[in-house]
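Following the hints, put chain B in place on chain S, whose structure we already have.
2 protein chains.
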Amino acid sequence: MASLRGIQQPELSKKLYKLIKSENHAIGAYESAGRERIGIASQLSDWGEATGDETVSDVSDKIGVLLSELGEQEDHFATNLEDYRTVLKTIRNMESSVQPSRDQRQRTMDEIAKLKHKEPENTKIATLEQQLVREEAQNLVAEAQLTNVTRQKLKEAYDIHFAAVIERAEKQIILASHGRRLLQLLDDTPVVPGDSRPTSFEHAAQARQILNDAEEDLREWTSNIEPINYQSQGMGSNLMPSEGAGGSITTAPATISADAIEPDQTRDRIDTSAEGSHLAKATSVEEEVQQQQQQEQEQPVAA
Amino acid sequence: MASLRGIQQPELSKKLYKLIKSENHAIGAYESAGRERIGIASQLSDWGEATGDETVSDVSDKIGVLLSELGEQEDHFATNLEDYRTVLKTIRNMESSVQPSRDQRQRTMDEIAKLKHKEPENTKIATLEQQLVREEAQNLVAEAQLTNVTRQKLKEAYDIHFAAVIERAEKQIILASHGRRLLQLLDDTPVVPGDSRPTSFEHAAQARQILNDAEEDLREWTSNIEPINYQSQGMGSNLMPSEGAGGSITTAPATISADAIEPDQTRDRIDTSAEGSHLAKATSVEEEVQQQQQQEQEQPVAA
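Which chain is which? The protein sequence lines are S and B, in order. Its first residue numbered 1, the first sequence is counted upward by one per residue in full-length UniProt numbering. Its first residue numbered 1, the second sequence is counted upward by one per residue in full-length UniProt numbering.
Excised from the complex, chain S in its bound form (with noise of 0.2 Å):
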């Protein structure tokens, strides 16, 4: 055993603190696949060139920068993992803090029956029993906002965790299918011994479009999904309702706390991943190879 804090969670928030410790581990899957591929991607790039066969160098280095992106993608879906994990724990939080509320209540049920049983005259039952009314109070509150608070926020979690596959596979659907429009321009006929390959890679204007397209595609996607309905937009900060449900139990201050509480309707977060940048970093530097190729020919060099 590692470690003893699952084992200090109250009852009621084990099972979600080991959710929430077990998407860690996919969230660190994610990373390190993303990782790996963009580790391949410059290896593949680096092999190439040592092939010494130019088609297949220029080639593999556009593959490699699509593999980046593809790479960038996974870690990017790993982020919004964490968005999503965060959320899941405003739930587990909500369960630590219902428990003593629960945990209270029946331990004073319990002295009143002892008591009730062996000291049926003794004057604490009636002291005891007033505070259990206020016990239940407090816990009837705490319930409500338990059930509330789950509700709202698994419907977030989850609306969070299936946004982001979508948003993944859409962004990973682009990157592919240019990488397939690569894999056309790769003449792959057979020589006979002794024949050599073109010098220059014949392709290599369509090759570079097909990243320009790419980039392109990627900076244009949005995303399209049907948003969520959330039914508890009027939930106030005491995690009940607050408006139109009347009754001033409504009102009563939250007697347990929560934080960022509210239903986070609007997720524009900005981005500051580095997707997109392996593409952007790939065009510029083949415009400013082709700038100069342009210039060495307007101007050429006296021998």
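It is possible that part of the hints are untrue.
Because identical chains share one entry, a pair is satisfied inside a single copy or across any pair of copies.
What the hints assert, rightly or not - Keeping only pairs whose Cα atoms sit at most 30 Å apart, straight-line, the calculated DSBU-like set for lysine-lysine is:
1) 18 / 89
2) 281 / 15
3) 281 / 14
4) 14 / 89
5) 281 / 18
6) 15 / 89
It should be emphasised that the hints constitute simulated quantities derived from the structure, not laboratory data. Remember, predicted model here, so these are calculated numbers, not experimental data.
For chain B alone, coordinates are given in the frame of chain S:
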């Protein structure tokens, strides 16, 4: 350093050797991600049941089924990457088998140069020069085989890789989209303390239908990708053009062997993975329960 094997690789195949090793790590990461996802799916289902909220229980159980399928897709993706990795090994094996031919030729050339410098009258020079002619012929064949295999197998490897990316993406979009439909059924209207949620899940039939739809869509999925054109179809088992190319050299026996070198254009492998099985299991269990409920309604148990 955990192993000396990389060092023992001939110079020519070192880069690809390392790339293939990295790919093994990437595949491992996807296998791990798939395993974790399937584990999380059943943790989520268990958690939902423990909440005692029939709606949360049903929705989280069905999200769990979809998550399991998402996990199976990661695993299936890893299997496809393993196929791509096997194709890369063909290039690597060819590289390591060509190295001795290059080395031998170089050694003979060096020896001739040394002798010509030190003992220009030595009769061994003529013998070595005859040997060099033979070695050069052998090397020409080896180099032709290398370029033929490299181009064909590079194309085939990334054909498989990109097709696998697209397959996983398309199938995961199906699963995640149905997952989002499920979330729409989860009513997260907040309740006030003392209010109880409906004891049964009002959209249970719709939720069941969503899993059926997902199962059907997944079963009906077919690949729509445009096939890659191979020009190497005429390549013979000697790894050189086998038809219409003429020249006696094309019929020379292959001095370098390579296993399973035929382009594997029609990749109709039998799918032994578990994909779809979670949905099939879930929907058949649901049907049983439904039938049971129907029977119970038809034949009310005498109290």
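Exercise for the section: Give me the numbers of the hints this structure contradicts, sorted from smallest to largest. Expected result: The structure breaks none of the hints.
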